[in-house]
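Asks: Listed below are the residues making up each chain.
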Amino acid sequence: MTPSAPSFSAPIADLTGFDAHAVATALEWISVAPVLVGTLIVFTGALGVARFPDFYARVHPAGMIDALGQVLILAGLGIASDDPWIALKLALISLVLFITAPTSTHAMVRAAWREGLRPWLQPGDAEGALEEDNDENPAAASAAWLRAEEDAGP
Amino acid sequence: MKLVTATLLLLAVAIILFRGVKGPTIYDRILAVNSAGTCAVILVCQFGFFSEPGFFLDTALVYALINFIATIAILKFIEHRSLA
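Chains B and U are the protein sequences, given in the same order. For the first sequence, position 75 (counting from the first letter as 1) is numbered 74 according to numbering that gives the first Met the number 0, and the numbering increases by one without interruption. For the second sequence, position 24 (counting from the first letter as 1) is numbered 23 according to numbering that gives the first Met the number 0, and the numbering increases by one without interruption.
Calculated directly from the structure, the hints in this document are not laboratory data. Note that this is a predicted model, so its numbers are computed, not measured. Glycine is no exception: its CB is placed at the ideal position from the N, C-alpha and C atoms. There may be inaccurate statements among the hints.
[Claimed, not checked] Derived CB-CB ranges, DEER-like:
1) F17(U) / G16(B): 46 to 56 Å
2) D13(B) / L82(U): 50 to 60 Å
3) D57(U) / W119(B): 20 to 30 Å
4) P23(U) / T43(B): 30 to 40 Å
5) L67(B) / A13(U): 12 to 22 Å
6) T102(B) / F17(U): 45 to 55 Å
7) L120(B) / A83(U): 31 to 41 Å
8) H59(B) / I68(U): 22 to 32 Å
[As the list claims (entries may be wrong)] Selected chain U positions facing chain B (in silico; Cβ < 7 Å):
9) I14
10) I41
11) L42
12) E51
13) T70
14) I73
15) L74
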């Protein structure tokens with residue numbers, strides 16, 4: 000990244016009176032923080048995907064990767080870039096991921112629920128849930144499923 | 000910084016794919032593949048950004064869209080046993 004034509008830094012340099020190359024270097028240093036934080040979030044989310052107890056719990060770290068991690072990393076790269084078109088492309092990729100990733104996660108959870116996968120519950124977690132077992136009442140469906148499990152086996 | 004972030008992202012992909020291989024239900028596998036695809040998009044963005052900006056970013060954009068469409072198609076096939 001040679002700041003030969005620093006297009007982000009040029010307006011800031013005009014406004015503040017600093018040297019344009021110094022502003023470009025400063026922007027590169029500023030971009031380190033979001034990239035590192037985003038990488039940490041992606042790594043933590045990966046650990047969560049591997050370690051969480053059931054599918055509905057694993058959706059949460061996966062959504063963290065899809066929403067927070069990629070936005071931070073791509074925003075950091077966009078701050079560091081010296082070409083506004085590249086920053087625009089990075090923002091477009093980030094926006095596409097930000098729209099499509101929760102959509103696919105929602106489709107996954109919906110398909111899993113429709114197929115009959117139920118959350119992992121401890122006995123007592125579903126206490127006070129209603130009696131009706133249908134699609135409009137997920138807590139009651141979990142409670143009914145848990146009760147059936149308790150009735151069936153040890 | 001390049002090396003640190005790339006290594007951590009590759010480790011993250013490896014951990015996610017471990018869940019994809021092990022996952023007890025098919026939805027765990029789909030979730031793992033989807034997350035690994037997102038990590039791949041981020042990796043392609045970083046690689047393209049540091050090596051040859053502008054060219055790899057289009058690849059990353061197309062890969063993000065393909066990732067989404069593949070996930071939806073697989074889910075639809077599993078749910079309805081057909082893509083119609």
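Asks: Could you run down the list of hints and mark each one as holding or not?
Replies: Okay, the hints, checked on the actual structure:
1. F17(U) / G16(B): 46 to 56 Å: For G16(B) against F17(U), whose Cβ atoms are near 53 Å apart, the range 46 to 56 Å holds.
2. D13(B) / L82(U): 50 to 60 Å: 55 Å, holds
3. D57(U) / W119(B): 20 to 30 Å: Cβ of D57(U) to Cβ of W119(B): about 41 Å, so the range 20 to 30 Å is violated.
4. P23(U) / T43(B): 30 to 40 Å: The hint (30 to 40 Å, Cβ to Cβ) is violated, given that P23(U) and T43(B) are roughly 22 Å apart.
5. L67(B) / A13(U): 12 to 22 Å: At 21 Å between Cβs, range holds.
6. T102(B) / F17(U): 45 to 55 Å: The hint (45 to 55 Å, Cβ to Cβ) is violated, given that T102(B) and F17(U) are roughly 25 Å apart.
7. L120(B) / A83(U): 31 to 41 Å: 36 Å, holds
8. H59(B) / I68(U): 22 to 32 Å: 24 Å, holds
9. I14: 4 Å, holds
10. I41: Nearest chain B Cβ about 5 Å off; hint holds.
11. L42: 10 Å, violated
12. E51: With a closest approach of 11 Å, the E51(U) hint is violated.
13. T70: Hint holds; T70(U) Cβ to chain B Cβ min 4 Å, cut 7 Å.
14. I73: Nearest chain B Cβ about 9 Å off; hint violated.
15. L74: At 5 Å from the nearest chain B Cβ, L74(U) passes the 7 Å test, so the hint holds.
Checked against the numbered hints above, the structure breaks hints 3, 4, 6, 11, 12 and 14 and satisfies the rest.
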